[in-house]
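Undergrad: The residues making up each chain are set out below.
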Amino acid sequence: MIEVRGLTFDYPGVRALDDLTFTIERGSVVALVGPNGAGKSTLMRCLAALDQPVAGVIRLDGEEILADPRPAHRKIGYLPDFFGLYDALSVEQCLRFHAAAHGIEGGAQAKAVRLAAERLGLSDRLQQLARELSRGLRQRLAIAQAIVHEPPFLLLDEPASGLDPEARHSLSELFLQLRAEGMTLLVSSHILSELQAYSTHMLLLRGGRIVASEAIVGAVDAGRRMRLQLAAPFAELAALLDGVVAVSSLRVEGQRAEFVLAGDEAVAQQLLARLVQAGAPVCAFGPGERDMQGAYLERVRGAQ
Amino acid sequence: MINPELQRNLWLEVTPHRLIALPLLILAILYLGFLSNNSELGQEVADTAMLLAWMSTLLWGAMLAGEGLLAEVRGRTWEQQRMSALGAWQLAWGKLLGSTAMAWYGAAVALPVWLLACEHPAAQMVLELARLLLAGLLLQSLSLLAALHGLRRDRDTAGRSWTMPLLLALVLLPWLGFSGAPETPLRWYGGDYTSLRFIVLSLLLFTGWVLIGLWQVMRSELQMQVHPGWWLGFMLTVMFYCAGFVDGQQSALLPMGRLGVAFFAGLILLYGALLVEPKSPFHFIRLLAFWEQSDRRRLYSQLPAWLSAMGLLALTLLLLLLWPVPAPIEGRLFFLALFLFMLRDTLLLLGIAFSPRSKRPELAGVLYLGVLYLLIPLILAALNLSHLAPLLLPTAQSTVWLSLPAAAIEAGLAFLFMRRRWQAVVAAPMAAPQEE
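Going down the list, the sequences are from chains A and B. Just so you know, we're using numbering that gives the first Met the number 0 here: the first sequence kicks off at 0 and counts up by one. Just so you know, we're using numbering that gives the first Met the number 0 here: the second sequence kicks off at 0 and counts up by one.
Treat each hint with caution, since some may be false.
If you want the ones that stay clear, here's a sample from chain A, every Cβ over 12 Å from chain B, calculated [said to hold, decoys possible]:
hint	residue
1	9
2	13
3	72
4	162
5	175
6	267
Residues on chain A that point at chain B, a partial pick, calculated with CB under 10 Å [unchecked claim]:
hint	residue
7	48
8	71
9	102
10	212
Bear in mind the hints are in silico, worked out from the structure with no lab data behind them. The model shown is predicted, which means the values in this text are computed figures rather than measured ones. Just so it is clear, CB atoms sit at the ideal spot from N, CA and C, and this is done for glycine as well.
Pulled out of the complex, with its shape left as it was, chain A reads as follows:
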């Protein structure tokens, strides 16, 4: 578990992080979102103990990482937004070096290198020099380096940048797999639809402050948030739903509507009956997950 208390970081004349306090539970995948300049990368660098904040405490499994960062680095994997590779080394040498630099020796090292290469689809390129890799493959090698020592906590700053759609999909699956294996991930990205695919929580930063820290899937809103799909246009849909007391946060887009419904299944059944009775050509009606884009915009508007 990561505990952050009162984290404050200043650049000359600028308070980049302002008294942040939050907790990241073990096994969660936290999407770190916010506009450019919100402090996401600075927060990541502080969590990686690369920069010393002016104030605050960061604990990883109860141990203060700022007091002695080196042991903590065995437990943390970090992919910065602008990373470099040793271009004159082969993929295998890059991975071996990173494994050894995190204390993995002998047979365990070969196993760790093989596993990381497999996970990132680099097994057939182990002897290729890093300089010969395409942009997407370089990104995959950088991620493989970050996870080669199987860190319990992984920090990834824009990990999907430079990847093609197929590689992005594979990356999403990898993150889900890592989570299933017990790894905790903090992922910063601007592509919210991708974060949606694997994140369990969202941490929204604006102006160096936390605007929202909440779960994305699971208990929150699922069951209450409803999704309605019509088979044909129905002009009265918005007015009809708006008139229902139990309905809130209504969003109607063409033949589709999303809203929050207060009440249990009986209330939902009554609403559906009313819609059908009014002549609405309902073809789908059920619980809908709130997508990250919606949650993000909702919170940002709330903060404004």
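Put chain B on the given structure of chain A with help from the hints.
TA: Coordinates of chain B only, in the frame set by chain A:
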């Protein structure tokens, strides 16, 4: 297990092409020397071999040591190194020996020829070999240390940091050179030494200190705690070392003379630290925040070296003022004037660094000091007003009654200047980050 950082450097530096090409080049030069010496091995060929070993370890090695680190910064791999679990010492020596591996290889190719051709006694040859190894290690460590220091000060301009050790190498070469008479007598704290033996012992001492410094600065770069005591220890060593050259066993004023030289040596180190270390107001705001949070660990760890140097110099000054020997008062007060002028310069440089528009405070500081200590005295001399020079800089013990009040007033004015700049900095509101 081999040090991973050493292993990585060896992967990058030691290539089959280099392994073959470097010996060919060195042996070709030595063969030319052999032919020029009537196809005979002799001291001339030995000197050529030693010169090649010196150039390889001191010049090329020093450049490689600093450049290795800076290439990592440029290649954006340095942050990943900082994220590794390697200890600071492990990282430092792995980098130091790994990045300079080819330089040592070059020396290793030249040295067997030197061993075969050298006509010096065996004991002298051992000392000459030790001198080469220690001088190479010293300069290479210094180069890496300078690159690390440059990195801490400004990551964008750190590329020039290794040039200083290279210049130092060129300056030191004649002093360390192999052509000097090795038996030249030398007195230090009343003891007699031969110059070669003394140089080797001195190199041993200072290489040890530079390695300690490298370890501590690497710790700082890795956000680990740094003990400020290492710098004070180094400073005390330099002061003690320099004081040993003051001779005159019969004089009752000998301790005063040695203290005076120690004071001068400390003063030079203080100015060096003042120019090299970061002086941005942001650094001091952070220190004040640590002080307010009673976070002594981080406060002491990030305390500027020049500040602790100032404390040690103040203690030395106290000894110089109060040492119970019949020394003239002007002589004692001269050191007080020196201290006050140093205080003025420190406050002036801080004031310059605290300007929000200051981009290169180190350069601006050097310029201001150049004007104060060089340009104005030269102008005064040209105007036949040299008697006014003590108003700006300590000139001689006889003018101390003029220098002392002037230094005190100037230090006071510099303090007001620095305070005004500081207040402007702390009064400025802390902005939220600029979002796009």
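Undergrad: For each hint, tell me whether it holds in the structure or not.
TA: Okay, the hints, checked on the actual structure:
1. 9: At about 7 Å from chain B, residue 9 of chain A fails to clear the 12 Å cut-off, so the statement is violated.
2. 13: 5 Å, violated
3. 72: Answer for residue 72 of chain A: violated, closest chain B Cβ roughly 5 Å.
4. 162: 18 Å, holds
5. 175: Non-interface label on residue 175 of chain A holds, nearest chain B Cβ at 24 Å vs cutoff 12 Å.
6. 267: Answer for residue 267 of chain A: holds, closest chain B Cβ roughly 40 Å.
7. 48: Nearest chain B Cβ about 6 Å off; hint holds.
8. 71: Holds, because the Cβ-Cβ distance from residue 71 of chain A to chain B comes to roughly 9 Å (cut-off 10 Å).
9. 102: 5 Å, holds
10. 212: Not OK, violated: residue 212 of chain A not within 10 Å of chain B, min 19 Å.
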